[in-house]
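Work the whole structure out from these sequences, hints included.
These protein sequence lines map, in sequence, to chains L and Y. So the first sequence is numbered by the working numbering: it starts at 1 and just counts up by one. So the second sequence is numbered by the working numbering: it starts at 1001 and just counts up by one.
Derived by calculation from the structure, the hints in this document are not laboratory data. Among the hints, a few may not be true.
If you anchor each label on the Cβ, the simulated ranges turn out as follows [stated by the list, open to error]:
1. V152/L <-> Q1059/Y: 33 to 41 Å
2. G1072/Y <-> G173/L: 52 to 60 Å
3. I148/L <-> Q1059/Y: 23 to 31 Å
4. F1241/Y <-> Y183/L: 28 to 36 Å
5. S1251/Y <-> L48/L: 20 to 28 Å
6. R1262/Y <-> T269/L: 35 to 43 Å
To spell it out: a stretch of chain L is covered by chain Y in this simulated footprint if at least three of its residues, at any positions, have a beta carbon under 8 Å from a beta carbon of chain Y; those stretches are [as the list claims (entries may be wrong)]:
7. 133-139
8. 142-152
9. 196-202
10. 268-281
Note that the Cβ used here is the ideal one computed from N, Cα and C, for glycine as well.
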Amino acid sequence: MTAIDHLPAEPVTRAPGLLRRLPTSGVAMCGLALILVWVLAAILAPVLPLDPPNKSFYAALAHSAPSAAHWLGVDKSGRDILARIVFGARQVLTVAPTAAIAAYLIGCPLGLLAGYYGGWVDAAISRLCDVILSFPIIILYVILISTIGPSVLNIVLAVVIAASPGIARIVRGLTLEQRHLDYVAAAQLRRESAVFIMLVELLPNCRGPLITDFCLRIGYTIITIGIMGFLGLGLPPPDPDWGTMVKEGTVMISVHPYVSLFPAIAIVTLVLGFNLLADGLRELALKE
Amino acid sequence: MRDRLPVIVLIARKLLSVILTLLLASFLVFAVSEFSPGNVARKTLGPYAPQESVDLLYQKLGLKDPLVERYGRWLGILLGLRADPLQDPALKLNFVDPRGARYFGNFGYSSLYKAPVNDVIWSRLGATAMLAGIAFAIIVPLSLTLGILAGMREGGLLDRTISVFGIVATSVPEFASGVFLVALFVVLLGWLPGTSPLTTGGGWPVWSQLVLPVSVLVLYDSGYLVRMVRGAMVDVMNRPFIRTAMLKGLSFPQVVLRHGLRNAMIAPFTVILLQINFLISGVVVTELVFAYPGFGRMILDASLFGDISLIEAATLIALCVAVTTQLLGDAGYALLNPQIRLR
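Here it is as structure tokens:
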């Protein structure tokens, strides 16, 4: 008995976590820097010396090109493009992560259930996901938004419907890999409940690929919101929305190309930030 | 013979599951677009029709019936088992389909274009197929070449250059690259037309109208594919049999072409076919940017107008294309890799 009491526990050495090693990846840090620039701009928008984003400067319409008063010029209603881009960042940086998180809140449980229980639960969930994933995604968005109308809530809803099956499929695959490992059997022996095992034991062990997927998905959601704006199904006016700004600018692209160029550049840099971060994270995970 | 039978059973099972997917998906679209039955009659007749006609149509179409029953009727009309009630002269809608009221593949009547859906949809699908086909014919060899070049020497200068191209290309959505390309080649340089109506009225030959839309599709889609192919290639080049081939004294190009290439092609094969789905999505946006008279823009117009018959028909066709390519992907994957068999 005493021998067991004094059995030395083997020290567990773990590689430092993915996020701890983030600074070693140049690609990831580039991405993070791009994202931080936009996040800072979005947070500081009200205190920065910017014009009000929805105010029309009719005097500026005569010289709508970029100038000292309006650095990036004004749009067809005489509104300052720089101010609209910065305030648009607030919009997109709230809606896109919210939508991605909401999609994860639906997709993760579905994937866990399918992977953990298997059988008919898996069959039903996988079938449903297959159906939604077989749609060309943009058609799904167009049909949904044109039926339920464009608003922040509806765009989040559409992203959840379109993205959660993909997340469920990834989580299901990861759960299938993990569920026959010893630690799950040990948890079952301890009589942990199925919900506890899924959320506390399995889910954290799937986090590596999910963190990467989350970054990619935010980037893709930003593109989606941009596309919806461009198709005329974006966030309702007059508040600035990058996709809608690009759309409005295309009408006069032959005279004032910068009206759509600048918001398009804004979208590209933000998406590039998330894609670089995701790529860096993926490389780090592979090095493990 | 005993070996053959299960394959046939498997194929039959796969087909059955495809049909089930199509049924479920079309029901989903039907449910979303016909959710409020009052709207269906109103949308069919347009906003200025008198209320009596709307009520009459509501009666005639049986719109008070449950959703599943109405879906069954729609399916019946599509399969040619029932006559299309909209063509009933008693409704005074003037909906006339030269093919008759009852035939296989009857998608109904488009309220936006005031013509049978079958008269509207196929020419546009042809225009889109041409655009997507040309883009696909460029995307596949281009991304295979770039991906293999990048993946054969991991970390080299070529790899890093191509990888940067890949990640930037996937970060530029079609509408943004459309704006960039138009600003450069149309506004600044004036080399190419900014719209692609596929007619020569504007003084531009048709091929020149295709350059920019195809470029937009190629840029976005090849970025993703290049990264996929590169990943697969890097994976293969690190395997022991590549080292063996090198030690055998084969030259590097021979190792890449004979041993690397074939093994690296298996994973991207499915991705290439799944790419069709991305391509369809990209086509909608690209067609809007360049005013291209295609399928994608038609879907957008139909959705915004509320042309239910056209939306349902277009979605079903898009689904068929998507599901067929996925099926081909599965089959090709199984053929290329004997370790994987259809489930």
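Each hint tested on the structure:
{"no.": "1", "hint": "V152/L <-> Q1059/Y: 33 to 41 Å", "verdict": "39 Å, holds"}
{"no.": "2", "hint": "G1072/Y <-> G173/L: 52 to 60 Å", "verdict": "36 Å, violated"}
{"no.": "3", "hint": "I148/L <-> Q1059/Y: 23 to 31 Å", "verdict": "27 Å, holds"}
{"no.": "4", "hint": "F1241/Y <-> Y183/L: 28 to 36 Å", "verdict": "35 Å, holds"}
{"no.": "5", "hint": "S1251/Y <-> L48/L: 20 to 28 Å", "verdict": "60 Å, violated"}
{"no.": "6", "hint": "R1262/Y <-> T269/L: 35 to 43 Å", "verdict": "39 Å, holds"}
{"no.": "7", "hint": "133-139", "verdict": "holds (count 6)"}
{"no.": "8", "hint": "142-152", "verdict": "holds (count 5)"}
{"no.": "9", "hint": "196-202", "verdict": "violated (count 0)"}
{"no.": "10", "hint": "268-281", "verdict": "holds (count 6)"}
Of the hints listed earlier, those the structure fails to meet are numbers 2, 5, 9, in rising order.
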